[in-house]
Amino acid sequence: MSSRFIWHCRNNPKRELWFAWWATVVFYNFFTVSFFILSHTQPPANPALDAQGAAQWFEKNHYGILLGFAIMFLVTGMTAPQNALIAYSMRRMSITPAFGYSYLVLYSLSAVPGMLLLCIVLTVGALRPDRKPELQQWLFDLAFLSYVGTMGVFLIGSLVWMLAILIDKNRVFPKWFGYLNLCNALTEVVVSPAWIFHNGVFAWNGLIAWWIDMVVFGVYTGVFITLLRQMIIREDFGTGPLPDLPREAAS
Amino acid sequence: MTQTARADARVRFVPGQPDMWAFVLFETLVFTSYFVVYLLFRTQHHELYLRAQAGLDLQIGVFNTICLLSSSWAVARCVQASRHGAYRSALTNAFLTVFFGFVFLVSKVLEWARQIRMGNGFTANEFFQHYFFLTSIHCLHLLIGFVVMGVVVYQLLSPKRRSQELVETGATYWHTVDFLWVLIFSLLYVVR
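Chains A and B are the protein sequences, given in the same order. For the first sequence, our numbering begins at 1 and goes up steadily by one. For the second sequence, our numbering begins at 252 and goes up steadily by one.
Next up, chain B with everything else stripped away, as it sits in the complex (with noise of 0.2 Å):
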């Protein structure tokens, strides 16, 4: 009893698993490590960065942008549904996020293949290392973040599961994909 409780108790301070709360952080440390070693090597070689950094289409990145956003808004709204009993709308909603994670993804290698074409790979530069770095590794979250929304979608589907604590546990991994996306976005496209 006093274990189940307490369990309340957790579930109740932060939504989902306090356990993915707890990767959110990690993750989140080592990202800032990447950027600030990204960081770090921009004001040694800024011109070079500067340089580089024209090559990267603004709004493709604000387009990426706008779809994770719409992303995480459709995970919320499925998180809500889910918690008023909606589970049609919370369906819905799931797969809406799975859409618009599937446009970033797409309009993404679209954008790398362009950059490969127009000369700027991996080892182009050493601002373009970062690009492909940063953003391949995110994709890596994002494709994870496909089999976490897998798992929400299997949860919702019968109502012999339907675990809530599980619904959110998997909003907070997708709300973290696009999180880390928005740092990425302002550290490549829009710092100058």
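In isolation and in its complexed conformation, chain A is listed as follows (with noise of 0.2 Å):
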């Protein structure tokens, strides 16, 4: 088994997109249990929560926090081979190169208001609780506006991806893959009444600006994740149409 291993390793002409897959899954694995199980930042907390609310929220949460975030702080770096990958899916297209730089750009800088903004503003509360409880509010409000509220940013980086897949003449991804993209960009403008909302559907942890949106979010990222394995499956190095998947891989 190890020594299968380290023959792939050494050999294998796939073996750095097998990695950048690899850790597309496992950086979703440690984002999953630092948001939902540590840190309780998913699903959010109450958008409601006056001043002493939110410090008590900072209090109760304090190593769940500082655990998570650390981890996040660990392994945020994993977010960059997987938009590696999925750039270098659109390079494999019969398309322009500047698509691909285009979603990695967008990605690259989105991934700070929608994600590692919130890490670091929650620890800042997290480690100094002897702050005014007013200022507690405050970092509370930032993270959770900043991670909930600007999901929009993704969006053009979806519709990016959208346009490649649907004019892309190489089938490297099925079409409806790239309508998916279209659902899940428009999702993302669901998010938006957050920013007014204190309680309801529409609020940071609402039933529809949050939890209909998880859930399009979670169908969509398992899509992406399979479709890329697929991806490395078909992989020939050509630059031509990707050869369908081989038939013991599809079973």
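No lab work stands behind these hints: they were computed from the structure. Being a predicted model, the structure only gives us computed values, none of them experimental. The C-beta atom is built at its ideal place from N, Cα and C for all residues, glycine as well.
With a Cα cut of at most 30 Å, we get these calculated DSS-like pairs of lysine-lysine: (1) K411/B / K175/A; (2) K411/B / K169/A; (3) K175/A / K14/A; (4) K60/A / K132/A; (5) K14/A / K169/A.
Chain B stretches covered by chain A per the calculated footprint, using a threshold of three residues with CB under 8 Å from any CB of chain A: (6) 274 to 286; (7) 369 to 379; (8) 382 to 391.
To be clear about the criterion: a stretch of chain A counts as covered by chain B if any three or more of its residues have a C-beta under 8 Å from a C-beta of chain B, and this derived list gives those stretches: (9) 189 to 202; (10) 205 to 214.
Combine the two chains into a complex, taking the hints into account.
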């Protein structure tokens, strides 16, 4: 088993692609554990909390935030090979390289307001618990509004990938996945009312602004991880259409 | 060869790209979840929703519906004409589709402005939150529909292109926009 693994590390021509794919899988596993289980930032905290409530929230989740986001700071770098793999998928298409480059820049920037800012700001709140509750509430608001409310910055990236898939002639991805990108982009618009409401279905923890979006995002992520895996299996390092999935791999 | 045969079989199975039907299914599921949330909250605050709903003008809703049904009729005629090689007629119908869609959009914007002037803005109450949300996310689909119709017109313009599959795929998208509106219309304007 281990000798086979070492052989693949040395000789498999697709080893870099597999590394990027596994980095994606490992990153999302850490992300789920950190956000859903340790820091309790997913599902997001109650947006209607007053200053005292926000300060208590930091107190209650103190160790979860520190441990969860320590993990995130360690693994956030794994999003780089993930974005690179997606950009690679676009470079394999029969389209201009500008698509891949745009995606790479957009998604690298999006991670800052869309994830990292929350990790930093909540850590700042957790590590200075003696601050005034009003300041803690300000950090609480900034963290969640940045995290949930700026999902729109991912939107253009999804649209770039969609357009690339729809005009590609190399059959790198099925066209339905191009349309699924549009579905994902549309649900990212839906989070914008979170900036206005403190409670209800459109608040940052609301049924529409968060729960339904999360389900769509979950499906989308599961699908693109599967399709990236199939792309690596199908990759022939040529420039023409990608071959079909080999029968044994498909089953 | 086998692949082409398979592709042909798939084309015959549904109009346009089968992939677009996956989009229709997925969007329908997403919208169904929005409708379920709306109906759930409606049953909880029935009185409030009824009172707020009285502020909507059913006639505008009916006019909107007629606009979109007409646009759907036009896009169906466009597909029909394109199938028979009557590309001039197909183009006319594609433009007619966009025209009806545009009338819908203008009337919707006017209705929003009227509601906001009456004090029924996005934050006025729960009913109007759903009203503005559902109508605006639908209008976003309509705006994308204009881009899709742009692709259809582009296909029809030159004899070098004229992909019947793309024309039908565009029409499928447009019908979805119409179909979603009919559901939104019934839920926001008609249901009591």
